[in-house]
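> Going by UniProt numbering, the first residue of the sequence shown is number 1, and it counts up by one from there.
Relax, there's no trap hidden among the hints.
In silico DSS-like pairs for lysine-lysine, Cα to Cα no more than 30 Å straight-line:
#1 200 to 64
#2 228 to 181
#3 131 to 179
#4 124 to 181
#5 228 to 200
#6 181 to 200
#7 181 to 169
#8 179 to 122
#9 228 to 179
#10 264 to 169
#11 64 to 181
#12 64 to 228
#13 64 to 169
#14 120 to 131
#15 181 to 264
#16 179 to 64
#17 200 to 169
#18 179 to 128
#19 264 to 179
#20 64 to 131
Have a look at the derived ranges for each label pair, beta carbon to beta carbon:
#21 260 to 220: 41 to 49 Å
#22 57 to 241: 37 to 45 Å
#23 142 to 225: 30 to 38 Å
#24 268 to 225: 31 to 39 Å
#25 179 to 231: 24 to 32 Å
#26 260 to 67: 31 to 39 Å
#27 77 to 266: 27 to 35 Å
#28 240 to 180: 26 to 34 Å
#29 266 to 81: 26 to 34 Å
#30 203 to 231: 18 to 26 Å
These are computed hints drawn from the structure, not numbers from a lab. C-beta atoms are modelled at their ideal positions from N, C-alpha and C, and glycine is treated no differently.
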Amino acid sequence: MRWCNCYILDLFVAKGRRERAMTLGGSSSSSSSSSSLGTHSYGETAYWDDRYRKDGGPFDWYQKYAPLSPLFDLYLRRSHRLLLVGCGNSVLGESMVDDGYQDIINIDISTVVIEAMQQKYKDKPALKYLKMDVRDMAGFESNSFDGVIDKGTLDSIMCGHNAHENATKMLEEVARVLKDKGVYILITYGDPSYRLCVLKNLDMWTINMHVIDRLDRSPEQKSWELTKPLRLNEDGTSVAALLGSNPDVHYIYVCIKDESLRQKRNNNRVDREAKVG
1 MRWCNCYILD LFVAKGRRER AMTLGGSSSS SSSSSSLGTH SYGETAYWDD
51 RYRKDGGPFD WYQKYAPLSP LFDLYLRRSH RLLLVGCGNS VLGESMVDDG
101 YQDIINIDIS TVVIEAMQQK YKDKPALKYL KMDVRDMAGF ESNSFDGVID
151 KGTLDSIMCG HNAHENATKM LEEVARVLKD KGVYILITYG DPSYRLCVLK
201 NLDMWTINMH VIDRLDRSPE QKSWELTKPL RLNEDGTSVA ALLGSNPDVH
251 YIYVCIKDES LRQKRNNNRV DREAKVG
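Using the sequences and the accompanying hints, generate a full structural model.
Okay, structure coming up:
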């Protein structure tokens, strides 16, 4: 089943390269042929360093800021301290600062792209870029961010080696650096059958489910209201029942950290074990 996830990611990367090649006046066929480079290596530093050496232009995974901004307005404030993980050469942070956000830290595992972005935005003090592995963010104190935004990073990790272990490490670190009631906003192609169990493993946040129309949505497909959460049952089947098969959407999981929730669940677990004993 993991291959299906990674195949979707392959298609998105190949599509982005074709579009960039056409914009720059190149041929779509040459860009498409290069898309095989690093297939299923999205969790590896070497893949990203190589990609950013070859593809230096800006690239945004899945969605740009403008379509997402109404959702961000629901959960974030312009004064919040925000972390963008796996930033790459996205212009998301730039667009957010231009719209009034005051403190955005961007991290990526690739030295190549971080050095390029540090140079590009050296005159924007509200934007900071750090080379860091999202699975080990020891450089950040616990409870230090109001929000974490992830546009494709968890997806990439889940297409790498030791996917479950690395995804767990990442999410534990995200939860650690978030303040209580802080939000982790995950924008992904992964429907609840792929993502919900991974997110729920932490037992320390409530999850609101949103969907956003893909930019290449077929006009025959139903359009969904971004700011209206979908009903999300325990296993996520309620979302699949509502959306139907193969919907033209990206899924957005808004995970709200709640320290009391973890403590409550721990207490319930202890009570159950005591009764069994």
